[in-house]
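Participant: Starting from the given sequences, assemble the full structure and let the hints guide the process.
Going down the list, the sequences are from chains V and B. Each residue of the first sequence is one higher than the one before, starting from 768 at the first, in our numbering. Each residue of the second sequence is one higher than the one before, starting from 1404 at the first, in our numbering.
What the hints contain is simulated information worked out from the structure, not anything from laboratory work. Bear in mind the structure is a predicted one, so any value in this text is a computation, not a measurement. Worth double-checking, as some hints may not be accurate.
Claimed, not checked - List time: in silico DSS-like cross-link candidates among lysine-lysine, alpha-carbon distance up to 25 Å:
hint: 1; chain 1: B; residue 1: K1734; chain 2: V; residue 2: K964
hint: 2; chain 1: B; residue 1: K1592; chain 2: V; residue 2: K962
hint: 3; chain 1: B; residue 1: K1629; chain 2: B; residue 2: K1469
hint: 4; chain 1: B; residue 1: K1718; chain 2: B; residue 2: K1682
hint: 5; chain 1: V; residue 1: K1089; chain 2: B; residue 2: K1453
hint: 6; chain 1: B; residue 1: K1783; chain 2: V; residue 2: K964
hint: 7; chain 1: V; residue 1: K962; chain 2: B; residue 2: K1776
hint: 8; chain 1: B; residue 1: K1775; chain 2: V; residue 2: K1044
hint: 9; chain 1: B; residue 1: K1718; chain 2: B; residue 2: K1683
hint: 10; chain 1: B; residue 1: K1776; chain 2: V; residue 2: K964
hint: 11; chain 1: V; residue 1: K964; chain 2: B; residue 2: K1775
hint: 12; chain 1: B; residue 1: K1434; chain 2: B; residue 2: K1479
hint: 13; chain 1: B; residue 1: K1720; chain 2: B; residue 2: K1670
hint: 14; chain 1: B; residue 1: K1416; chain 2: B; residue 2: K1433
hint: 15; chain 1: B; residue 1: K1479; chain 2: V; residue 2: K1089
hint: 16; chain 1: V; residue 1: K895; chain 2: B; residue 2: K1416
hint: 17; chain 1: B; residue 1: K1592; chain 2: B; residue 2: K1628
hint: 18; chain 1: B; residue 1: K1718; chain 2: B; residue 2: K1413
hint: 19; chain 1: B; residue 1: K1776; chain 2: V; residue 2: K1044
hint: 20; chain 1: V; residue 1: K1076; chain 2: V; residue 2: K1044
hint: 21; chain 1: B; residue 1: K1846; chain 2: B; residue 2: K1783
Unchecked claim - Far from chain V, by Cβ distances over 10 Å, these chain B residues were calculated:
hint: 22; residue: K1434
hint: 23; residue: K1629
hint: 24; residue: I1634
hint: 25; residue: D1648
hint: 26; residue: S1750
hint: 27; residue: R1755
hint: 28; residue: K1814
hint: 29; residue: L1847
hint: 30; residue: K1878
For every residue, glycine included, the Cβ atom is placed at its ideal position computed from N, Cα and C.
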Amino acid sequence: MANVSRMAANQKTMSAKPGLAFLRAYGGILAGLLVLVLFFSLFSPHFLKVNNLLNIVLQVSIIAISAFGMTFALIIGGIDLSIGSTIALSGTAAALLLQHNVPFLPAILIVLAIGVLLGAFNGVLISKLHIPAFIVTVATMGIYRGIAYITTDGVPVAIQNQAFLELGNGSIAGIHIPILILLLLFVINHVILSKTKFGRRAYITGGNEEAAVYAGINVSRLKIGVYVITSVMATISGLILASRLFSAQPNAASGYELDAIAAAVLGGTSLSGGSGKILGTLIGAIIIGVINNGMNLMNVPYFYQLIVKGVVILIAVYVDVKNKKRLT
Amino acid sequence: MAEEIILELKNIKKSFGSVTALSGVQLQIKKGQVHTLLGENGAGKSTLMKIISGVHQPDEGEILFKGERIRLATPKDAQMRGISIIYQELSLCPNLSIAENIFANREPMTGWFINDRQMNRAAQELLAQIELDLPPTTPVKALSISQKQMVEIAKALSLQSEVIIMDEPTSALSSRETEVLFRIIDKLKAKGVAIIYISHRMDELLRISDEITVMRDGSYIGTVKKSEADINGLIRMMVGRELKDIYPKRSYDIGPDTLLEVKGFTKQGLFDNINLHLKKGEILGIFGLMGAGRSDVAKAIFGITPPDSGTMTIKGKPVTITRPQDAISQKIAFITESRREQGLVISDTVKRNISMVSIDNLLSRLGLISDKKESDVARKAVAALQIKTAGIDQTVNQLSGGNQQKIVLAKWLETQPDILILDEPTRGIDIGSKNEIYRLMRKLASEGVGIIMISSELSEVLFMSDRMLIMRDKKIVKELDPSATTQDEVMLYATGGK
Chain V
768 MANVSRMAAN QKTMSAKPGL AFLRAYGGIL AGLLVLVLFF SLFSPHFLKV
818 NNLLNIVLQV SIIAISAFGM TFALIIGGID LSIGSTIALS GTAAALLLQH
868 NVPFLPAILI VLAIGVLLGA FNGVLISKLH IPAFIVTVAT MGIYRGIAYI
918 TTDGVPVAIQ NQAFLELGNG SIAGIHIPIL ILLLLFVINH VILSKTKFGR
968 RAYITGGNEE AAVYAGINVS RLKIGVYVIT SVMATISGLI LASRLFSAQP
1018 NAASGYELDA IAAAVLGGTS LSGGSGKILG TLIGAIIIGV INNGMNLMNV
1068 PYFYQLIVKG VVILIAVYVD VKNKKRLT
Chain B
1404 MAEEIILELK NIKKSFGSVT ALSGVQLQIK KGQVHTLLGE NGAGKSTLMK
1454 IISGVHQPDE GEILFKGERI RLATPKDAQM RGISIIYQEL SLCPNLSIAE
1504 NIFANREPMT GWFINDRQMN RAAQELLAQI ELDLPPTTPV KALSISQKQM
1554 VEIAKALSLQ SEVIIMDEPT SALSSRETEV LFRIIDKLKA KGVAIIYISH
1604 RMDELLRISD EITVMRDGSY IGTVKKSEAD INGLIRMMVG RELKDIYPKR
1654 SYDIGPDTLL EVKGFTKQGL FDNINLHLKK GEILGIFGLM GAGRSDVAKA
1704 IFGITPPDSG TMTIKGKPVT ITRPQDAISQ KIAFITESRR EQGLVISDTV
1754 KRNISMVSID NLLSRLGLIS DKKESDVARK AVAALQIKTA GIDQTVNQLS
1804 GGNQQKIVLA KWLETQPDIL ILDEPTRGID IGSKNEIYRL MRKLASEGVG
1854 IIMISSELSE VLFMSDRMLI MRDKKIVKEL DPSATTQDEV MLYATGGK
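Facilitator: As structure tokens, this is what we get:
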């Protein structure tokens, strides 16, 4: 009994210091980020310049937003490998709509609706036909990419619509619009995951799907919702990317799904489902952005960059696996 | 006859974190004898067996094998010494053949290739020894549970095992299959193999054991020879208290109102023409052997696997339940037999497990989850059910079975159910928690909750239920008054002897 009350006392001190919990959760990854920043600032004089840092955040916004979506899919124990294709498809859809003189706002809304459809298609195949998410999204990765190529005849589509170009290149009150979108989506997704019934059900389903069924959760509806969110986040990334490139390219963003998974996993999301936080994913995306940017500044060839990123992910996951083992 | 001690454990101690699993346990296993380990769930039997089979290492104490002090660092070490364990949940690969399973990872080779012919011939010989008349090429998934168990025994024999541990081997067997198993055990004994047998079935363990060691709460209580053993003495050693201290008596009257009525529930292959009713404040026990269809009826009532035909009324109104959501809105709660599989998100916190079903009641005005409400509810539940946890943010995988079960109960009690279905409510939990759960059941029943308790623990059904139904072969075969029946009579109906 004494033991229990001592533990209870312990508990009080634990919950009284949220900062400590934050450090425990993200201390390791933040230390890693710090090491990377120090490293790159030593080896590249341009790294710490304001312009470059802004540039990093701009680059990060595209990875981070699609990684937010990926976090949802991973939390329910799923995965979405089609988001790279979705990013490309949403860009080409927007460019084609604008080319046919559809005004800015309707064009954006139509593209978002396409994003909903693409995600719902993934979700229905996964939850209603019970095809594994990995298989479904590998298949739709090909299908969505194919549609992007067919609709553009495989060539980039230039974008001239001013409002659309503002999306990726403009700024409000001195802050770049993609960063504002990133912050807005960070808050929205964070609230969805940590404060809504939907988010809670996602964690329960990913933690133990059978228990979720017994708890009266409509698991298939939930899964469709999750894949819609994943796809819509990718769609928004695609709009920003197309705007920043002044054109939509059907071969854009291939491999972005892996960056998104890496960002989420670096940020502590478990591939086996049930855990993950938007804040962690944001930090993970910043790390990937920093690595990309720093290596570019150091003139590391792209092929070597791929290897470095792979190694970083392996290290991060290894540390995560080890920590989990220690806990159990 | 000189009795040769093959395996001896002295003063074994083992803790997991702050939980003491074993505190000074001893055991002497003799060649060619059956040594039964008896104890309640949570007494430490499994931990002890895991130490003998090399899964866990003791913190203190020593293991002597044929007089020599040994260390078993891995299951492989134990296997090499000739100690095999046959787990309750068998560990065979369903898609591989019998022979492939027996020789998994030890296949006879010709050069770089597996010599299938030699492997199958060797498997055939082993199968003949244990009277399993099947071609060794049969895939394991085509076998019955008892046949799979025989394959495990054949595997143990192929390893030249001198000690075979059997963890509740008869829990899934019919009485005929049990007879076959006992005959094999006799043969193994004659060959000089020592068997460590784990079971709570008094009748069978008195039949086949040479010696019985009783454990309780991680401690060694004593060892008795079969000739000196009697059931009452063993129960007292095992439980450490009198029966009346475990099962609280009813101190209230059961109301006349019928809560639930099920008529003609049938589902092909699972259950057949089930009729039952439950009154307000009543505890209805459903007893049956494994596979009798008890849990399937509960799953049907709860909407997991709706019946093909039949009707259900709740408080006199006809209802259709095809999904758990429907059942929950009818104020039914279902605590399943596997809390890890269906009850808990094991890696999540106490708080979030408790609020799992009742999250709708814990929202702020904005429709978002209120951390304050959620925490308050969790703290109250932890206090009310005396859940031993470091706090509501502790993850549930660090708690004991009893406390995990209380969390599942807390989760469902938050929905304020009228009808509570408990499937094996005290499986795998210690005697203290058992008693607390029984008292909670009495309290809920006294407040008007109707409880259906499914159990294969006969004493629990006899002492806790107000009325009992016996299921056999997917049917309800008998209704009995628990206060006017005997264990023998119940078993006769359950096994088909009557």
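Participant: Against each hint, give a clear statement of whether it holds in the structure.
Facilitator: Going down the list of hints, with the structure as the test:
1. K1734/B x K964/V: This hinted pair holds, its Cα atoms lying about 20 Å apart.
2. K1592/B x K962/V: violated, 62 Å
3. K1629/B x K1469/B: Holds, at about 24 Å.
4. K1718/B x K1682/B: With a Cα-Cα distance of about 9 Å, the restraint between K1718/B and K1682/B holds, given a limit of 25 Å.
5. K1089/V x K1453/B: holds, 24 Å
6. K1783/B x K964/V: holds, 21 Å
7. K962/V x K1776/B: Holds, because 12 Å separates the two Cα atoms, which is no more than 25 Å.
8. K1775/B x K1044/V: It holds: about 20 Å lies between the C-alpha atoms, which stays within 25 Å.
9. K1718/B x K1683/B: holds, 9 Å
10. K1776/B x K964/V: holds, 14 Å
11. K964/V x K1775/B: Holds, at roughly 15 Å.
12. K1434/B x K1479/B: Holds, because 21 Å separates the two Cα atoms, which is no more than 25 Å.
13. K1720/B x K1670/B: OK: K1720/B and K1670/B at ~22 Å, within 25 Å.
14. K1416/B x K1433/B: Status holds; Cα separation ~22 Å.
15. K1479/B x K1089/V: holds, 24 Å
16. K895/V x K1416/B: violated, 51 Å
17. K1592/B x K1628/B: With a Cα-Cα distance of about 17 Å, the restraint between K1592/B and K1628/B holds, given a limit of 25 Å.
18. K1718/B x K1413/B: Judged against 25 Å, a Cα distance of about 59 Å means the pair is violated.
19. K1776/B x K1044/V: The given pair, whose Cα atoms are some 22 Å apart, holds under the 25 Å limit.
20. K1076/V x K1044/V: holds, 21 Å
21. K1846/B x K1783/B: This hinted pair holds, its Cα atoms lying about 17 Å apart.
22. K1434: holds, 38 Å
23. K1629: Answer for K1629/B: holds, closest chain V Cβ roughly 40 Å.
24. I1634: With a cut-off of 10 Å, I1634/B remains clear of chain V, as the shortest Cβ separation is near 34 Å.
25. D1648: holds, 20 Å
26. S1750: Violated, because the least Cβ-Cβ distance between S1750/B and chain V comes to about 6 Å, which does not exceed 10 Å.
27. R1755: Not fine: 7 Å to the nearest Cβ puts R1755/B too close to chain V.
28. K1814: Given a closest Cβ separation of 8 Å, the condition is violated.
29. L1847: Label holds. Min Cβ-Cβ 19 Å, cutoff 10 Å.
30. K1878: K1878/B is indeed farther than 10 Å from all Cβ atoms of chain V, at 26 Å.
Hint compliance for this structure: hints 2, 16, 18, 26, 27, 28 are not met, and every other hint is.
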